[in-house]
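A.B. asks: This is what each chain is made of:
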Amino acid sequence: MSFIRKPLNRRSILRAGAMGGAALATPTIFTSKVWSQTYLNEPTGAEVTFGFNVPQTGAYADEGADELRAYQLAVKHLNGEGDGGMLNTFSSKALTGQGVNGKKVAFVTGDTQTKSDAARASAKRMIEKDGAIMITGGSSSGVAIAVQSLCQEAGVIFMAGLTHSNDTTGKDKRANGFRHFFNTEMSGAALAPVLKNAYGTDRKAYHLTADYTWGWSQEGSIKKYTEDMGWETVAAVRTPLGAGDFSQYITPVLNSGADVLVLNHYGKDMVNSLTQAVQFGLRDKQVNGKQFEIIVPLYSRLMAQGAGENVKGIFGSTNWHWSLQDEGSKAFVKSFGQEYGFPPSQAAHTCYVQAILYADAAQRAGSFMPSAVGESLEGFEFEGMGNGPTLYRAADHQCFKDVLVVKGKENPSSQFDLLEVVEVTPRAQVEYPADMLGGELGNFNNGV
Amino acid sequence: MVLKNSSPTSDLIFFAVFAVAVLTMPVWLEPIGAGYPDLLQKFAIYGLFATGFNLLFGLTGYLSFGHAAFLGVGSYTAVWTFKLLGMNPIPAVIMAIITSGIFALLIGYVSLRRSGIYFSILTLAFAQMSYNLAYSVLTPITNGETGLRVLRSDPRLFDGAGEAQGPLLANLFGFEMTGYAGFYFCAVVLLIGFFIAQRIFRSPFGIMLRAVKTNQNRMTYTGLNPRPYTLAAFVISGMYAGLAGALLCITDPLAGAERMQWTASGEVVLMTILGGAGTLLGPILGAALIKYFENIFSAFNEQTLHEIFGFLPDFLEYPVVSVSSLFVGEGWHLTLGVLFMIIVIFLPGGLMEGVSRITRLFRRKPQKSEPSRATAPAE
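Protein chains in written order, with my numbering: chain A, 15 to 462; chain B, 46 to 424.
The shape of chain A in the complex, shown without the other chains:
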């Protein structure tokens, strides 16, 4: 017998068709369990599952590890273990440490590998297999944007972790996605006045930019604000993410006539490029009769630790720093320190806050349905989470709060005390109209 007899007749076509049809139809009866839910992954048991999607390998692995620590701490606090951390200082008192909506919080983890493909695969696994009700994390804007649109399509809430590109809540914003972290627009607005005071208005800047959405976004914002105050941009060179060796990009800086180097790098990339720039003697040079300066617009304590001595005196902006003295920050630093023995990074802070904010919104909404949670997050005003009074703007799902301008400390007192806060730029100064960055939110998707 062969599959289809050579002179095609009616019987063999019918037979082949019937066999194929039967084979295709059989397994679909096993997939019909979806219909009974009112929204995707509605928790039915005593537990609700959060999905923590962080980079455990790749250029941002340090940040990822710290994010995961923060998430685990947040879950403890939500379930009433430990000292409660920022739940005690949070202005909303809906959460009582007995889980969320009467359900104990459980979690699953995934490795984004700082790659969009891998991040989407692990997010899908958590949604499809583990039944995660919400995905949070990410330490790269490219990944965050990719996962955010996945969550929009699948129908779960995405609470962005460390993502600084304007596009996350700008041209790529989605209704199911929310971001607590600040963006490059705010960095530019906060940094510019400080730079003006420190370095004057007549400077020539050279940009080295990580070649992806965040790098482009930060380069654009810094250019916009520095050029407004009279600086000139000599060149902006794109470098591949995770390049490791930046010497070939740094050599041309010496002969370009620029007197300021802006490093639009993050994570290990920034550690490498800054270290190499300092080794090449850039900071000891005099160009155009001025001292050569380096700027790192997005700073983190983990990077400062990696770059060591080289960060001294270098300006940058940050979302949060553990040395802040408000009640929320103190409570968080204390409980994180007790748990792990060192202070949290800004990545840890934003992820912790995002997990708590989601849980609080679900508690206030009385449901985990994405549209209900989303509506209770939209326009939410809160305090006591380390950044002063904060607003989750409804129009683009972006948080607005004070921005910190920091500088590498000249005389660090410990291995963690590397940055000093130069200025706290008030929220009013970094706000911008919601339609400035373009994009469409669309509608909430509940996944059924």
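Worth flagging that the hints you see were computed from the coordinates, not collected in a lab.
Just so you know, these numbers come straight off a predicted model, no measurement behind them.
No false leads were slipped in.
Covered stretches of chain A, going by a simulated chain B footprint (3 or more residues, C-beta under 8 angstroms):
(1) 152-165
(2) 223-232
(3) 246-255
We put the beta carbon where it would ideally sit given N, CA and C, even for glycine.
Mind docking chain B on chain A? Use the hints.
C.D. replies: Relative to chain A, chain B alone:
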């Protein structure tokens, strides 16, 4: 084994069993935690990719270290087809096959002038070139690191007008290509691809390809030019890779440059060798095994391990958990490496050799001595 004593009937039975096994995967993979749509899709897609790779490597012995380039080309073509024509997967599949075929023809024409290690290096170089092009030079076409996505502002000639809302997913006449629908689409394409591969294995063309692997010089002396055969195999294999790339985008409309990285090329080599090069089923098994490790083992954390080893007394549980945690989570590569070593050392013919050894144990009938059945890796 089925492959050795091949008759049309046994081939057909083999195919039928395979088809049933593939289509019922959601059921029988459930107990080991792999029965969810995304992973099943990956099984089917990478199974197809490895099947295509095996047509080149398994039959002709030419080890291409740049097959991920075709996967990437297929992906980008598929997403561009979505952007320009519409979200129906059929045109995307066709365009991806054509483009990757042309691309494979160009690369194959140059690379196949050399054989052995030089061929591998050439293909690796081309793939790395394509990766760098996609990553930085051709950013307007590929969108670099961020990845190419379908946007609402795209023209989408056939279905773009009107709908401002709704998810941007591939849509086969009303069926959204996500979840189980996406898996069955991929599974059907895998079955078609498998059927064609089976035909090629049996065809005179397939015999020619094996002849190339066995002794190319002798083939040349008999007056046959191996180049057209190897080039044809290379192009077909590139088309399979392009098709797999298109399927990746059909189930998830996003194409990133990292798909073309050399690690991705190495992965398909691993899949094929792990499963058994030169066998029909082996590469698919290898692909499934690697994807299973990547998705399931990497997700284990200490909490899960404590649950697994919870039956042990505490003084045993903690050391066991701390040792085994090295091999899961971020350490899944380590497990895979160990497994790969064990298989290559003890079962050079891959998993399929293991299968055939076991069947020989149970089959008592006297066997003729089989001359070197192990499919040796390429020269």
